[in-house]
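**Student:** Starting from the structure of chain V, add chain D where the hints point.
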Amino acid sequence: MLVLQQVSIAYGQATVVKDVSLTLQQGQIGCLLGPSGCGKTSLLRAIAGFEPVQTGSVVLAGSSLSEPGNMVNPEQRRIGMVFQDFALFPHLTVAQNIAFGLKKKPKAQQQQIVDELLAVVGLPTLGDRYVHQLSGGQQQRVALARALAPEPDVLLLDEPFSGLDADLREALAQDIRAILKQRGISALMVTHDQFEAFAMADQIGVMQHGKLQQWGSAYELYHQPANRFVADFVGHGALLKGEVLADEKVYTALGVFAQTQSNFTAGVAVDLLVRPDDIVHDDQSGFTAKVVSKSFRGSHILYSLELEGAEQVYCLAPSHHNHQLHSRIGIKLELDHLVLFQRL
Amino acid sequence: MTSPLFSRTTTLFALLLAVPVLVVLGSLLTPQPELWAHLLDTVLADYVRNSLVLALGVGLCSAAIGTLMAWTVARYQFIGRAVVQWLLLLPMAVPAYIMAYSYTGLLDFAGPVQSQLRLWFDWSYGDYYFPEIRSLPGAILMLSLVLYPYVYMLARTAFRQQSGSLLEASRTLGYTPRQHFWLVALPVARPAILTGAALAMMEALADYGTVQYFGVTTFTTGIFRTWFGMGNQLGAAQLSALLCSFVLLLLYLEQWSRRKLKFYQQGQKQQEPSRQSIHGLAGFSLLLLCLLPVMFGFLLPALQLVGWAVERLDQLWSADFMQLLLNSFSLAALTALVTASLALCFAYAKRLSGHWSLVLPVRLAAMGYALPGTVIAIGVMIPLAALDNSIDLWAEQQFGIRTGLLLSGTLVALVLAYTVRFMAVALHSVEAGLMQITPSMDNAARSLGESPVGVLKRVHLPLLKASVLSALLLVFVDVLKELPATLLLRPFNFNTLSVRSYELASDERLADAALPALAIVLIGLIPVILLSRALDSSNRGAQ
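Those sequence lines, one after another, are chains V and D. When the letters of the first sequence are read in order and numbered with the numbering used here, they come out as residues 1 to 344. When the letters of the second sequence are read in order and numbered with the numbering used here, they come out as residues 1 to 543.
Derived by calculation from the structure, the hints in this document are not laboratory data. Keep in mind that the hints are not guaranteed to be accurate.
[To be verified] Pairwise CB distance ranges, derived in the manner of DEER restraints: (1) V/His223 with D/Pro177: 45 to 51 Å; (2) D/Ala64 with V/His132: 27 to 33 Å; (3) D/Arg275 with V/Lys107: 47 to 53 Å; (4) D/Glu34 with V/His132: 49 to 55 Å; (5) D/Pro137 with V/Lys103: 36 to 42 Å; (6) V/Thr15 with D/Pro177: 25 to 31 Å; (7) D/Met435 with V/Asp193: 33 to 39 Å; (8) D/Arg258 with V/Lys103: 28 to 34 Å; (9) D/Leu456 with V/His132: 36 to 42 Å; (10) V/Asp193 with D/Leu448: 38 to 44 Å; (11) D/Arg458 with V/Pro52: 56 to 62 Å; (12) D/Leu234 with V/Lys107: 54 to 60 Å; (13) D/Pro177 with V/Ala226: 36 to 42 Å.
[Stated by the list, open to error] With the Cβ distance kept under 7 Å, some of the chain D side facing chain V (calculated, not the full set): (14) Glu168; (15) Leu173; (16) Gly174; (17) Val188; (18) Phe263.
[To be verified] In silico negatives: residues of chain V with every beta carbon more than 12 Å from chain D: (19) Ala143; (20) Lys294; (21) Ser304; (22) Tyr314; (23) Arg343.
Think of the CB as a built atom: it goes at the ideal place given N, C-alpha and C, for glycine as much as any other residue.
Same shape as in the complex, but just chain V (with noise of 0.2 Å):
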């Protein structure tokens, strides 16, 4: 289990990490999103050792690796990285470097520890082959059984897929979940790109300025944002101006909606959080809303519309519901429960 507590980073006298505390439990695979210079990398790299807290600290099944002016050295932590440019040796095989940290172990066991991890990324025919002799996907692969050979308490990810092709990246992500998983890896991976983050997290931390904003599965980052940043990073989303009434209730230009937390109180002036797929088409419907743009995306296609008010929302319809630019179009909005945030 890996738990930080109140951590935070400076380089000099610029802190970019404040008061960061998560959880990760064994096993579990956490994820660190959040846009560049949020601080992400900054917070693995301490986890690793590379970097110092200033305040807080990094405790690993129950000891204590970095406080403020007490440290355990990188090579101490069992700790395993995998890296962004992945730091594969060049001047070793693919079997050497996956053996590299295995110095302790005698040789007939290392040689048994690196076919088993050949197998299992899937290169059971490559160890005797050179780093430039692999495609990228391949010596992500090998990175990782380096990274997994020495049994670390906990893997770190840095982008591990940033450095890849788009097609390969989803498969790679999926296979390397399955490994962690299957030998019940506690992991922690940075990553910028949400749709790497939902395939391989159980636990997603978004991040901006150097702040933990949330820390939860990827269906609460999308469903229950709980600010706005979480909710305008997360997905596709447009804010809708609301009011609340007397009786609790929200007023929209798309509706009356009932608050699913009674938070808001009467006459305060609110935003409502609106996905794409919130707003469903229906030529039925009271309300319209004026195409603006449109893009296609193969078996939906998203539309920017804009209401009466000239607010827009996104609406994400089946594919076959093709309209034209300017026509109107009619909509509804179906919430099953209601992300609200205080007006600004």
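**Tutor:** Just chain D now, kept in the frame of chain V:
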């Protein structure tokens, strides 16, 4: 543009430049049992042993110095690092034979070091032991001090290009930074270090001035001795061929390492490793450590030369010195022009056709850079003399006139030898420039309405200007520094800076030798400065 005349002429020129190498290797076809029996009985073992010890010693020492300096500069941030990283290139400007007699002047019995020691400790002659610089270890030291920059440059780039994540990967796999250096950083840089060491060893094998001055008998001195002392030209050529085989071995090592280098540095340009900051006394010691090779490889000998030159400043305006400058400069300029023009032709011909009948001769012609000047001189002399003799014979039979030595005693021989020796330098520059001009640029210019000549004028010329200029400059400076081929091939009574400086030093007139030597060092600084700027900008580009 692909006129058959152009490509045929180019092939002819390339083959012409390959003649000296072929002549030297071809000499082995005429066995000379008596000469070899004699050499075997007497000096051959010395030649082989001394040459090998010299080359290996220089390879090891320059690899050690160069790697240490490269690692320090690439991985630590300390006071003065920015300046020291190019100061470390300065020794390249000093030819080894000039080092040799500067140090002889510094360290011999009457020199400042021993005089000071005697003064301090009140010793007199015979009271103390002082190591003899004029020896094989001395020669290794001299050559290593000026040749380590080859290793330094390549290793520095290699260490810089190692992604910072390699160290982090080692650490997450349980190794300390020190273990990482021996297990990963050094092995990954090994092809670069080997390439540099191979280049240094080739230069060591090619050296004539230093070993001759120090009285160490090697292949190069042996070739001179066989040619002039024994008058056996074929024998000299055969010794040259033997020397060539060593050099070719090194050449193979260099090429093999370079190929590996390409693989080792593939896909690793992610993050520049951060340099560890070293402050205070420790940082200052690093600075001093890096200044050591600069001091011994450049400052000390340069100061010694300046000291001597100041004593003989009146020579500066003498007609003799002016003549030396004029000779050297005109010879170097002529060679630079010839070599760069040929290189331009070769590069274009290769680009246009790429057929083996053209590529192969050009590659052969460019092999001269690996061969010692002595060997090339022999390879030029033999065919030219044969040509002269047959012309002489023919003219006498036809017209009853004796033409004598038309070519072999003239500047033609010298320029030809230089062109063979330095073609690779020029070709490398020009080809690098030409590579920036992609075929699609030609197409783009043509589709925008330019004629082929217009493309040449408006696209190629501006883009190639810099690389042709650098080819001219590099060849110019190399010719000025060149000694053994000049000694062998110069016309009677034709002196250059290097020859004059060397002859004066050989006559123990060290102070008189200083002015021409200093001139060579100063001119030699120009390409070093350009090189350091090029290295800096390429490193910036990599970031």
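**Student:** Run through the hints listed earlier and report the numbers of any the structure violates, in increasing order.
**Tutor:** 3, 19
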